[in-house]
Amino acid sequence: MKFPLRLLLIASIVALLIVASSQVVDGHSKNSTYTNPILPSWHSDPSCTFVKEWDNTAFCVTSTNAFERPSRMPELGSIVRQQHGLFAAMIQYHDNSFYVIVTLQSENNATGLIFTSPNLYDGTTWSMPTNFTMYGIDPDIFWEDDGKVYVSSNLYGTTIGLVVVDPVTGSQTTPTPIWNGTGGSSPEGPHIYKKDRYYYLMIAEGGTQLGHMETIARSTNITGPYEEYENNLILTNTNTTEYFRTVGHADLFQDESDNWWGVALATRSGQEHMSYPMGRETVLYPVTWKEGDWPTLQPVRGEMSGWPLPPINKGIPGAGAFVDDPDDYDFVPGSLLPLHFMSWRYLPTNAVIVSPHDNPHTLQINLSRANLTGDANSTDPTSFIGRRQTHTLFDFSVNVFFIPLLAEKEAGVTVFLTQYQHVDLGIVLLSSSSGTLTQFFRFRITSVWNDSSRGSSGREDECDLGIAPASIVSGGTGPYTGKYCTQIDVIEYLLITFSGALLGPYPTTNGGAGTTTAAYISEWRYEGAAQYVGNGEYVY
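Heads up: the sequence shown is residues -22 to -1, 1 to 518, going by mature numbering (1 follows the signal peptide of the UniProt record, and there is no 0).
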């Protein structure tokens, strides 16, 4: 039977389009206005490098990877902890090559990985990674004038350390502590900039929550000693009433006019800091950095004014959707899975087929034994395909064709944060009160605070799910008023984690047998409606 499942989510956090404008008066560009975040949704730990040779383009990465198939990084599939994996990538351009350096954090150790590519518009050009030993997280790569390559990072969780690394072989020196920071917890996310006659070392402190901040020091020698800036902190929204919180893990770069900019992560959670389902996002702010002086970083707000920006240009090389694009996929024969679709860890082998011969114009997803929560400490893969939630107000829908034949077989849609935090609406075969197997719509909330389930007989062939944060419900704005197949529940907390909300379909046997069954997804649609910028203002 065909079940259109429609998900309408009203979140308590914003995702802003990259909206910028600059004026030209008497032939001179004036400052631009734009809205944050420039990369909405789960885009944490940003890093950017400006490359004049590539059409004056700034290339940015967030916590991500640079490999296109699991065989290049099989160990990622054995990661168990929710917050482990690949994160805090940093990008640089050197000698006609792009370098991305990242941490692979597992239960037992941290490994540094260096990827290279001559052309970021061609995903097949990435190298196999060069591995090296790390003694912490958040690596930064820096080329000295004498050819030595330095990597700075968090060291043993308490300080910033420096090593010399061969980016080809991975050989390295013993780490040397170079700066403890200003006394805040978790000194991490370092970046070294050589400007004028100094080496500037900018780091994050305070942890990636409400105490997050950026501090800076400088030295005439890359190995130190480093002099702390007397006016630290240079960037934070701590102890303010701003809607953007947890600002930190910053990076600085210049544009073609030699103006300085910065990127950082932030959450739009307000002072309560309890509900921010799109997670840690990338924000942009202007920087003033005079010769021989310390940099001045503008505070992060939803609406910003900064240096002149070029007009938005989507006519660039490469493949894939832009971050604010809608989804309109009918999975035509011969098409591939869209590049911005995601999975949680690796998918099961042969889990997905685009437009199979017996069901064209669908996405076939084979059932996995593991459901979205999985077993404790299990590495069983889950058949889940999602896309980021990139707007505050949006409409997401898919058609699900699924015929469960055994008890507990299930397929549906989810708002997925981690295996311990997700909201699901599924078609499931369960025993009724009379003991017969009956198809149900099941609405289930799984979180570290609340695990509940509501069900109703699946006599209807369509179900709408509306979700609103408790703050909106208690304020008098009710949830979506479409037809309900299950009673709404209240989610007190929707996100306290590193990641952000993913939206998409899942099929599972919930631990049972019979994984040869499949669900067929069609008419995949996502349309953003509005973005919240704080202070009661939306961008439509």
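Since the hints were derived computationally from the structure, they do not count as laboratory data.
Ideal placement from N, C-alpha and C gives every residue a C-beta, glycine not left out.
Certain hints may be false.
[To be verified] FRET-style restraints, in silico, Cβ to Cβ:
1. Lys30 x Glu250: 18 to 28 Å
2. Leu314 x Gly148: 55 to 65 Å
3. Thr147 x Tyr99: 57 to 67 Å
[Claimed, not checked] Within a straight-line C-alpha distance of at most 30 Å, the following computed BS3-like cross-link-like pairs (lysine-lysine) qualify:
4. Lys268 x Lys8
5. Lys268 x Lys173
6. Lys268 x Lys126
7. Lys8 x Lys126
8. Lys30 x Lys8
9. Lys173 x Lys8
10. Lys172 x Lys8
11. Lys30 x Lys126
12. Lys126 x Lys172
13. Lys173 x Lys30
14. Lys30 x Lys292
15. Lys173 x Lys126
16. Lys292 x Lys126
17. Lys8 x Lys292
18. Lys172 x Lys30
Verification of the supplied hints:
1. Lys30 x Glu250: 18 to 28 Å: violated (44 Å)
2. Leu314 x Gly148: 55 to 65 Å: About 33 Å separates the Cβ atoms of Leu314 and Gly148, which means 55 to 65 Å is violated.
3. Thr147 x Tyr99: 57 to 67 Å: Given a distance of about 28 Å, which is not inside 57 to 67 Å, the answer is violated.
4. Lys268 x Lys8: Satisfied, since the Cα-Cα distance of roughly 19 Å is no more than 30 Å.
5. Lys268 x Lys173: holds (10 Å)
6. Lys268 x Lys126: With Cα atoms ~27 Å apart, Lys268 and Lys126 stay inside 30 Å; holds.
7. Lys8 x Lys126: Roughly 40 Å separates the two Cα atoms, so the pair is violated.
8. Lys30 x Lys8: holds (22 Å)
9. Lys173 x Lys8: Distance of about 26 Å is within 30 Å: holds.
10. Lys172 x Lys8: holds (29 Å)
11. Lys30 x Lys126: holds (23 Å)
12. Lys126 x Lys172: Satisfied, since the Cα-Cα distance of roughly 14 Å is no more than 30 Å.
13. Lys173 x Lys30: Judged against 30 Å, a Cα distance of about 18 Å means the pair holds.
14. Lys30 x Lys292: With a Cα-Cα distance of about 18 Å, the restraint between Lys30 and Lys292 holds, given a limit of 30 Å.
15. Lys173 x Lys126: holds (17 Å)
16. Lys292 x Lys126: violated (37 Å)
17. Lys8 x Lys292: Within the cut-off at roughly 23 Å; holds.
18. Lys172 x Lys30: holds (18 Å)
Hint compliance for this structure: hints 1, 2, 3, 7 and 16 are broken, all remaining hints hold.
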